[in-house]
Every structure is written in C-alpha cells, then in structure tokens.
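Engineer: Chains P and W supply the protein sequences, listed in that same order. Letter by letter, the first sequence follows residues 1 to 348 of my numbering. Letter by letter, the second sequence follows residues 1 to 348 of my numbering.
Because the hints were derived from the structure by calculation, they are not lab data. Take these hints with a grain of salt, some might be off.
Okay, the calculated bits of chain P under chain W, using three or more residues with CB under 8 Å as the criterion [as the list claims (entries may be wrong)]:
1. 23-37
2. 142-149
3. 230-237
4. 255-266
5. 270-278
Computed from a predicted model, the values in this text were never measured in an experiment. Positions of the beta carbon are idealized from the N, C-alpha and C atoms, including for glycine.
Number of protein chains: 2
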Amino acid sequence: MIKISLDVMGGDFGPEVVIPGAAKALERHPEVTFVLYGQREKCEPFLERFPKLKERSELHHCDVAIGMDEKPSQALRRGRNVSSMWLAIDAVKEGKADVAVSAGNTGALMAMAMFCLRMMPNIERPAIAGIWPTARGESIVLDIGATIGADARQLLDFALMGGAMARALFDIESPTVGLLNVGAEEVKGNEEVKEAGRLLREANLSSLTYYGFVEGDDLGKGTVDVVVTEGFTGNIALKAAEGTARQMAAFLKMAMSRTLMAKIGYLFARGAFRMLRDKLDPRKSNGGVFLGLNGIVIKSHGGTDAEGYAAAIDVAYDMVKNGLSKKIENDLKIYHAGQQPPAGPEAA
Amino acid sequence: MIKISLDVMGGDFGPEVVIPGAAKALERHPEVTFVLYGQREKCEPFLERFPKLKERSELHHCDVAIGMDEKPSQALRRGRNVSSMWLAIDAVKEGKADVAVSAGNTGALMAMAMFCLRMMPNIERPAIAGIWPTARGESIVLDIGATIGADARQLLDFALMGGAMARALFDIESPTVGLLNVGAEEVKGNEEVKEAGRLLREANLSSLTYYGFVEGDDLGKGTVDVVVTEGFTGNIALKAAEGTARQMAAFLKMAMSRTLMAKIGYLFARGAFRMLRDKLDPRKSNGGVFLGLNGIVIKSHGGTDAEGYAAAIDVAYDMVKNGLSKKIENDLKIYHAGQQPPAGPEAA
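If we strip away everything but chain P, and leave its shape as in the complex, we get (with noise of 0.2 Å):
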C-alpha cells in the first residue's frame, strides 16, 4: 500500500484542485491512500462530494497555510511544525506516509523540504527534476531551479540522481546521461561541465550511461533519457521551451481562425488537433521532483487544474511504487566506494 500526504492548501486554488486531483489519480490507483493536511472547514466541503477518496483519506486540521509569494525564509518562521506544507513533508519524515505533494510556492517548499528532512549523505545540494516531454517521448532534465551554480561534483551527483530517478520512471537498465553544453566537442564549455564530464567518464558506472555533451537542442529531440545542467540555466531552458510552445499554440490557433477557408478545414481536422493538444497538454508533464533528500517531496504547477494535480500525483505513486529513494541510496553506495582511498596510514 502507497501513502501519500497532501499539501491541500498549497497552489493558486488550495482544496478545489486539490482535493479532485486526489479522486482522479485514486481512480487510476485505487490501492493508495491519503494522509490529509489542510484547514478542515475548508477542505471537507470538497472531500464530501467524493466518498471514495474520503474513504482512504486522514484529514488533519492545521491552521496555517503557506501563500504562493511568501518568503522561503518567512514560511519557514511562520509555517515550520503548524502549516500545511510542513506538516504533509513530517508526514514523509515520520513515516506515516512515503511521498509528500504540494502546489505551493517552490521556494519554500524547498526550504522546508530541506530543513524537515535534510540532504542525503554524501549529497551537497538538492535537484529539482522536471520530465520534458520530447519528439521520442520523455526525458528527465534536472537541475531546473532548485539552486543556482552547482560545481562538477554536484553535476555528477545530479547525474547519479537523475539515472536513478530514469530507472524508476522508464524502466531502463542503464538510462543515458548527458551533460547540457554550448557544444558536443570536449574542449567546449564551462569549467564545471567539462571537469563534470572528466569524472562522469572516469566513474564509469554501471547504474547510467555517460553520453557526453548535449545541446539545447537535444532536450527536445530527446538524445538522451538524463539531461544535467546546473540550476540556472536548467530554469532558463525550461521556461524558454515552455513559452516557445505557447507562443506557437497562440499562433496556430490565430492562423486557423482568419479566414472562412481556414476555419472549415479545422472543422475536418478538428481531431487531429484533438490530438496535438493531448501530446502537447502541459498537464501532463506536471510534477517535479525533489531529489538529494531523505525523503521524496514532489512540486507540482501552482495554477494546475485537477487534471494537472492527478499527474503530479501519478509522478509521487510512480516513484516510490518503483523504489527511487532506494535506487539513489544504492547507487551512491556503489560510486562512493568506488571512490574510497584505499584503507592504510595515509588513509585516515
């Protein structure tokens, strides 16, 4: 049985979104429950139109609820053992659940994330990893905002995350990493990347395997099941793409309502088009997920619908159902021993 506690306060519309997006991904996975944390007379009003969430749900009455534009380090003074947020990350914490997801603001989700449940050993930062919808299907691209300006063994920490979450997610043996760059020659780059390369080469593990360099580009060609790139640019490129895919949706939408001509020929194609949203439904891809933590936390989009909630949902049930905290711990072992100096007097 799966456990999973919600944030139900958090994102731009609390329970309304939340508390549907519970009963839909329910639906698809009836063996879960949930662990509940939102201000009661707020959420119970919702939780009553769907019985059978309320069935598999435990409600827990907490006062404070995080806003979406509140400080990481304010939320903390003020939300830290009492608001919603918190509580759903100690439920993970705790033990009474195996996942926390919350749509609240990621700054602070972040920062309580890291404070309740602390990085893994032998992991300096946290990653944001996000799953980036590509021409051969999904791809894993992290870190996408977490921190800013990791060094190379942080680049190589993310790329041992990154596989691990991969295996979990696309059931792969040795998923392919590659290292975002200006260029796929050796001698391009930043400092950082191509030191991230010299040891993700040298490490020559089995848990992933070294592409090498990708492109901008490649993100969307899906080169690679595992794209690392530090925080600031891994931010960057998403939003890029994301707004670039809007901005061509706004103008198809425009081409295909100027002249009579064009606005009968959407009527015959109107379920191609169907189907070109459904492939390109940002919903779909909505769940980011935490790593380097003793614990998963996923993030979803504030301003998600109850649809976009449900995958996010479906992102927390895959990940623990396919054992992603046990996969890191596991391959972190295994590269860090890798990595011990040999035992003798110089060892110390």
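On the provided structure of chain P, position chain W as indicated by the hints.
Structural biologist: Below, chain W without anything else, positioned relative to chain P:
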C-alpha cells in the same frame, strides 16, 4: 552607398548559396555594392547567372577556405591574411566594406574578427546578438554564444550594445532592456546578474530603459526589446527554443497526415498553414550580429539557403544604414564619461 563584403566560401554550401542570396538581397537594396572573397573558379559560374549582381560586385580570388569543423586556433593559423573569411573581415578594417557577412563556423569567425578588428575601447568581451521572433514582433537577445561566463560589468556592456542595436534595428528611442534570470524578484539569481541589475539601475541611462529581471518565458512573449544574458545560458536557451519549435512543427505535420479527415482539413486550411510557416520561418531571423568589435560582422547560419542568407545580408544592411557602430560608440562614451572619477591627484 553601402558596401558589404562576403565570405563566399563560408557555410555548408559556399557560393551555391551565398551568390544567389546576395542577388536576392540586391533586389531589395539596389544601392548596395559587394566585395566578394572566394575561389574564382568556384564563384564565377554562379556569378554569371546573376548579371546585376556581377555588375555591382568585385570578386577577389583567394585560395584558402575555412572548414566548418576547423578549430578557431587552427583557422587563424591557416587562414590569416589568405582565407576568404579573413579577407572579408579585413575589408571592413581597411574601409573597403562597411560590414562583413559570413556563414562560416562561428568559433573561427569570432576568433578572426577579434584578431583582425580588435575590441572597442572600454569593451572587454564581444557578444553575439540574435534576433528572436516574439508574440509582439522581434527582440534582441545577447550574448547567444560568443563567450562563456560574463561578469556584471560585461553584462552591463552587453546591455549598452544591445540597446544601441535595438535603436538601430527597431527605430525606438529608449528600448527596454531586461536581464535574464530565474525570477523577477531582486533577491533571485546569481551574484553577477544581481550586481548587473544594480549597475544598470544606478547608471540611469537615457539610451535605454532598464526593465529589471525577465524569465525564460519572457523571451517568447517579447516582454522587453533587449534580453541580456551571458553566452552559456543564452546559447542553451536559444537552442532549446528552436528545438521546441521544430518539435511542435513535426507533431503538427504528423497530426495533419494521420487521417483522411485531417488531410481534407489541411487542404482547406493550407493558406493558414502557409501563413503560419512564413511567420515561424527560421530563415527570417537569420543573422547574428557580432558586437563590441571595431567593425560589424554578421554571422549567417551555416546550413541556410539563399533566402536565409539574403536575410543575414538584410541585417547587415540595416546595421550600417542605421549607424550601429556610431550608436554603440556614443552610448559607451556617454556611459563612461558619467562613470569618470572626478579629476584630482587620486584619479591618476
């Protein structure tokens, strides 16, 4: 009269694309004359087909053509003073041309341009500025890959140069300039970007309007006229967006050919699809502008066709006609005059 020098051997196709491209551009700008550098026996057969172009061109034979994969250092060693690429740039230095255009490899072209033309006074790094199609029209984005890791002072220089280019290209008095970042709040981002923001606010320039931070999705929205970023992130954001656009176009094509109904719809709406294709035509935004050198060099995509190459010549034409170099020089002079320490014994 505007004189444009062309590296006829540059690009994946050399004279086969460059000469028809120049002929197309000449139709739009009949007052232009060209100085062509290339292997005579390869250029003349193409030139014969365009008598008007031949009449307004001066062909200079040279033996050496720089390969698309040649490393900058090798290109410089082998091609200095003798290659079509070098000679096209040198024509700008010698006053035989107002601007040079090349579809040759970016690294070699930048190395030669820096070596031949040298940096402008007060500029430490060159930048490549690209023209980005947006929902509102076009924006300028720089640096899209000249160098990696610009610091705050260099980002400020990029803002000054990008502002001057926007005035030359868009004919607006005080273009809006934004710094690309992971959030709009002042506390977000890396130190260099935050410091550049402070410098831009304090400089209080009349040549541009500092907007503040912009995010990846603001690129496609066209939130500001000029987006400033360092070359690593700029290159990756550009390629991620181009990749997304290509991927969506491929999905659309596939959707429109899957069913008979979709095919019929496509026939009715083909005018709309043609309009969409024109609007999104990457050839139209071909032409990266090298900024910060004593002379203007335009980089065309290596794999473009005659239409795309003509667009790069259009950019070259606009930059000369609207006095880009003078505008940059003036803006730099005004900025640095304002930054001058007061005269006195300490100001030695």
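Engineer: Next step is simple, just say for each hint if it's right about the structure.
Structural biologist: Evaluated hints:
{"no.": "1", "hint": "23-37", "result": "violated (count 0)"}
{"no.": "2", "hint": "142-149", "result": "holds (count 3)"}
{"no.": "3", "hint": "230-237", "result": "holds (count 6)"}
{"no.": "4", "hint": "255-266", "result": "holds (count 9)"}
{"no.": "5", "hint": "270-278", "result": "holds (count 6)"}
In terms of the numbered hints stated before, the structure departs from hint 1 and from no other.
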